[in-house]
Structure formats: C-alpha cells, structure tokens
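Following the hints, put chains G and V in place on chain R, whose structure we already have.
As a plain string of letters, each chain reads:
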Amino acid sequence: MLDANKPEVVAANEEKAESKNEGRYLYCIADSGKRVDLGKIGLDGKEVYTIPSGALCAVVHNCPSEPYKSEDNEVVKRWVITHEKVVEVAWERFGAVLPLGFDTIIKGEEDKSPEENIKNWLKEEYPNLKEKMDKIRGKAEYGVQIFWDPKFIADEIGKTNGEIKKLNQDIKSKPKGMAYMLKQKLENLLKKEMEEKADLYFKDFYARIKKCVDEIKVEKTKRNEKKPMLMNLSCLVDKEKSKELGEELEKIYSEEGFAVRFTGPWPPYSFVAFG
Amino acid sequence: MEPVRNTNATLVDLLDRILDKGLVIYADVVVSVAGVPLIGVNLRAALAGMETMLKYGVMVDWDEKSRAWEREHRQEKQVS
Amino acid sequence: MNMIDIDTDNLKHGVLGLVIALVEVIRDALKIQAFKRMEGGSLKEDELERLGQALMDLDKAIEQIKQEQGITQAVQSVRDGLDSIVDDVLDKMINPERWREEVGQKQVKRL
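Residue numbers (the numbering used here), protein chains in the order written: chain R, 190 to 464; chain G, 2 to 81; chain V, -2 to 108.
Bound-form chain R, shown alone (with noise of 0.2 Å):
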C-alpha cells in the first residue's frame, strides 16, 4: 500500500505539482520592495502577488513554463483585457509601473527557481529599471490619432488650384480618350498637392501636439481608404496635464476635413521597451 508519508511519493506529488507552477507570468515591474498579494486577478483567476528586490518588485503569477494560447478570440481577448487590468492595479497601488507585453513568462533551470531568476534580473537590471521608472512617474501614455477627409482636401485644393481648375474644364471639353489622359493628369497633380498638404498639415500638428507632452512617439499609420490616418501618435504625458492635450485636440478636431481619436490613459508601454 502506498504511504503517502515515504520520501519517494512526498518527492513526486512535490514534482507533479512544480511542473504546474514552474513559471512566472510577468506582468510589469513597480515601484515597491514590499512583497504584496494582490488577490486573484490574474489570468483564468491566478493569484498574483509580487517579488520584491530592492525598491522594485516584479508583479507575477504562477505557471507552467510555456506561452499561453488559444485559438478562441474570445479567450485570448479574455486574457489581455485580464493583463491590462492587473497591471492598471498595480500602477494604483504601486504609484509607477513599467508594463510588459503579453506572455512573458520566466522559467527556472535545474539550479535556479524561478523566482531565483526573477530576483536575479531585477538586481542586475536595476540601475536601468530604475531609471525608467524615474522617467515614467507620474505620467500616462495617451493616443492620439487625427484622421482626414481627401475628398474634402481634394475640394478645398481645386477650388484654389488654377492648373487643378483649367484641367476640370479641359476634361468636360475635350474628346474622350484626350479627356482620360487629362484625368490622368488631374490625379497626378492632386495627389502630389493633397501630399504636400498632408505633410504641412502633419509637420503642424505635431508642433502643436509637442508643445503639451513630454514625450512623443510616431507610430505606424493603419490603412483605411476611406478615412485615412494623417498621424498615430503615442504620447507621455504628465498625468496633470492631460487636459491642455484634449484642448489643443479639441482644437484639431474642430478643423474642417479632420477628425480626432484620443485614447487613455495607459500605462506607459510605448516608452519602457528598449535601452
């Protein structure tokens, strides 16, 4: 009969259960030494709670040692809606945080626990992690997004374009075939103009969108043919002073042919990556 007392079943009931907890889901780094528990908020339910090293500590949750994934969008929406919350929790309690991306688990090795590993990193890591978090205090990443109108642009180009106005003649008198060429041209032409005025209008917003943050990063654009991205910005602002941004937006917003998407606060995840 098996003694669940004997070192041997002890040892492998301990293993069973270690292979299941052999990692740690990293959600962000905060700004406390105090080893804390904050309930169990993490994906599917876990437990998180944090590892303290120095000033710092890394927010985590037990788990095996391999990515989480799924094929369900309903579950991987799950799982990162859960990520940003628990980070959002930790930035109210901790005052700071440097997020993480989704799924970055840290495993351990034959010799070294994972939170060996953990605390390992934060204390070689630390000069550099605390120097980011002195640059992140206190501030919020916003998104700024301002869309435009071509065809309003475009209107607004032929009205005052000369060469633009002499073509739109031409191509209602001419002969068919001539008038397509001309179209030709008249497209050529407008979309060189509708660049140059994007780029000034661009070049303008940015200028007045800097004014009111500490930080700016330019994104990637997301295409869409009928209202296009003009900009996508991510910006790092001081959490007081949000307001003057969403004035100076406002201002935007109000221009004909514009329009404004301003999304947050976020925790700063657009300016911890690298460095």
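Misleading hints may appear alongside valid ones.
As the list claims (entries may be wrong) - Dumping the calculated EDC-like pairs for lysine to aspartate or glutamate here, alpha-carbon to alpha-carbon at most 20 Å: (1) R/Lys411 with V/Asp84; (2) R/Lys409 with V/Asp88; (3) V/Lys33 with R/Glu352; (4) R/Lys321 with R/Asp427; (5) R/Lys381 with R/Glu345; (6) R/Lys430 with G/Glu3.
What the hints assert, rightly or not - Simulated coverage check for chain R against chain G, where a stretch passes if three residues somewhere in it have a Cβ under 8 Å from a Cβ of chain G: (7) 249 to 257; (8) 264 to 278; (9) 291 to 297; (10) 302 to 312; (11) 435 to 445; (12) 448 to 456.
Treat the hints as calculated values from the structure; they're not laboratory data.
Where a beta carbon is used, it is the ideal one built from N, C-alpha and C, also for glycine.
Quick look at chains G and V alone, frame taken from chain R:
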C-alpha cells in the same frame, strides 16, 4: 476633449500596446514564443476594419460633421 | 507578418484573382509610362486621343472580366496584400531602427 477609456472602443489600441510593446527582457530565462502561431493575430484581424470603428462610435461624430458640412454647402449653392 | 489573402475555396478563382491583380499592376505601369510621354510633349493630340482610348478600353475589359468572374474582391485582396508588403519593406528601409528592433526581439524570443 476627453480621452476614451472604455474597453470595447479601445480594444484595438490595447492590443497594439500589449502585443507589440512593453518592457523587453533580454535573458535566457524568458520562455520562448518562437514557433507558436502569433498570439492575438486572429483577434486583431477580426477587429480591423471600418465597421468596427463605426460600431464603437469613432467615426459617427465625423460622419455627422461631413453631413452637416454638406448640408451647409448645398444651401450655399442654392443661394448663389 | 503579412499574408496575401487569396480565396482558395475555388482554386481557379484564386489563380484568376492573382493574374488579374498582376494585369492591373501592369496596366498601372502602362498608364504611368503613357503619362510620362504626354508630359514629355512628344505626342500629338490625335496620338494622345488614341492612347487615352486604348487605356480606357483596357480599363473596361479588366472591369468586365472581374465582374463576369466575380473576382473583384479577390483581386482587391491580392492588391491590398501586395501594398501591405511594399509598405512594410519601405518602412524598414526608411527606418532601419525599426527593423533592427524587430530582429532584436525575434532573437530574444529564440534564446
């Protein structure tokens, strides 16, 4: 202008940050995600597109603005 | 990661979509060339008229094929996919930092 915070309207923005950004750890002890089909790729694809943006009220404002502008200009044309 | 979304439910449909997408790309190149010659001033009015007519007819023919074969969407998908890839390559050429960052990330994950 107030920043939008509600989860449904900003899920795309969240995904952009949480899947592509954040602190990067250069260490052997990070579990590799290489070889695993990109997580969230399907979700992102599903969320892309104008319909989604309209659905979450992003462009509603603007469409109204364009329609208002059109109405105004139609009136101008009639007057002249 | 960029993927060209070809409708493979019907393989003929998919291949035709790809072919017509490429025909459109070639047609666009022809238009650009024709336009350059027009701007260069080397063509007379009646030559321009014929060139314009020919290009118009080409446009119509392509539209007709797309409609008859029901591949308008398939062609658009291929072209969007191609555009996306080109954009990505251009982005990396203009901003090599971004490419280095991406490569760096991939290496990290492989460790």
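Hint check results:
1. R/Lys411 with V/Asp84: 11 Å, holds
2. R/Lys409 with V/Asp88: OK: R/Lys409 and V/Asp88 at ~9 Å, within 20 Å.
3. V/Lys33 with R/Glu352: The given pair, whose Cα atoms are some 18 Å apart, holds under the 20 Å limit.
4. R/Lys321 with R/Asp427: Roughly 15 Å between the alpha carbons, so the hint for R/Lys321 and R/Asp427 holds.
5. R/Lys381 with R/Glu345: 14 Å, holds
6. R/Lys430 with G/Glu3: 12 Å, holds
7. 249 to 257: Holds, because 4 residues of the region 249 to 257 of chain R bring their Cβ atoms closer than 8 Å to Cβ atoms of chain G.
8. 264 to 278: Coverage by chain G holds for the region 264 to 278 of chain R (6 residues, Cβ < 8 Å).
9. 291 to 297: Three-residue rule met by the region 291 to 297 of chain R, so holds; n is 7.
10. 302 to 312: holds (count 3)
11. 435 to 445: With 6 residues close enough to chain G, the hint holds.
12. 448 to 456: Check passed, 8 qualifying residues.
Checked against the numbered hints above, the structure breaks none of them.
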